[in-house]
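J.: So you can see what is in the structure, the chains are spelled out below.
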Amino acid sequence: MSPESVDLYNTFLAILALLSLAASVGLLVYRFARGREAALSLLGDSAVWLAWLVAAVATGGSLIYSEVIHFIPCRLCWYQRIAMYPLAIVLLVGAIRREVVVRYYALPLSLGGALISIWHYLTQTFPSLEGGACDPTNPCSAKYVNVFDFVSIPFMAGAGFIVISVLLAFYVRTERE
Amino acid sequence: MNKRILAIVGGVVGLALIVLLAISIAGETEVDASIGYGDPVVTGQTLPVYNSAAAEDVAVGMPGPEVVGADWEDNEVTITADGRPKIVLFLAHWCPHCQNEVPPVQAWLDAGNLPDDVDLYSVATSTDRLRPNWPPQDWLEEEGWTVPVIMDDQIGTVAGSFGMAGTPFYVVLDGDNNVVRRISGEIGTAGLAILVQEAQAAG
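Residue numbers (the working numbering), protein chains in the order written: chain S, 1 to 177; chain U, 1 to 203.
Simulated from the structure, these hints should not be mistaken for laboratory data. A quick note: this is a predicted structure, and the numbers were derived from the prediction, not measured. Heads up, the beta-carbon is just placed ideally off N, CA and C, and yes, glycines get one too. You can take every hint at face value.
Quick look at which bits of chain S chain U covers, simulated, 3 or more residues with Cβ under 8 Å:
| hint | segment |
| --- | --- |
| 1 | 47 to 58 |
| 2 | 123 to 134 |
| 3 | 139 to 147 |
Derived list of chain U stretches under chain S, where covered just means 3 residues or more per stretch with a C-beta under 8 Å from a C-beta of chain S:
| hint | segment |
| --- | --- |
| 4 | 94 to 104 |
| 5 | 127 to 134 |
| 6 | 166 to 172 |
Generate the whole structure from the sequences, applying the supplied hints.
T.: Here it is, written out as structure tokens:
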């Protein structure tokens, strides 16, 4: 891909990430303002499909970064991939089979992934968290992407994990309901 | 209504991805792969890789490699046993620690803190056009970097010969090009001042 295409791609994903975070805030406000039943009625079965869509776009997006654009994932990138890639499969199966129990399998992954993304973002913001020197092979403190001066790859991943977590935590029925 | 929202969101995202793919296929531009690299010649023995955790650096006292290289404007820059103590600073354009280190060091130099009897050189290494802040020459020019720069090659020959394990990486050499000290990481101007004193003491 040309550098201009990469910039466009980065900007597109950054906007998606910001929209995801905005949606997360909106969904949380709606849930706590209107109550659980109203939240469950808002999206219905679509909540798991939406969560899957986010996981699928995040998975595809990260694969484009490594396999097409040839960014090399660092250690923390791999941990986030370990959390996100199974979500794309687990949520798809759960959505197709309409099994609400999928939230119990997926939430630990999305919450764990969100924590790793936050740590990775902090490492990029405060490189000293990774030590005083850069590993020449592939440091996690290096920012391959930096849209609007603050949206990096772990930011985008974190936004994905957060919106998936909000959808699964508050917009999917529990097994007992 | 819920499925309609999902279909709309999915459709918009899918359409945007297709448009992006089309643009990327249509708009390929060639990037000069040689930008940011040099063709330095290194002679002498390779130093052991620097181990910051070791109690003592085994390279201290060993003869350092001699380098004949050039900056991005093809001005020759050499590191040799010229009778003058010197400090060699290895920098990577994408490394946040190097990006933090360069401005204060340049300000320190601008204030005239480098003594006349010690030379400071830099090596732009680990260059990668896919990583941020590329090419290194643009970054260093923006920072007003006045230290002579050797552009390392694509496999990091100069860095490897000095045993670089991370950036920024400082190597202090005496006038006979023997290693006085090596240190990796941000040390700031206070640390650089100490290295200068060590270089002067080594002669």
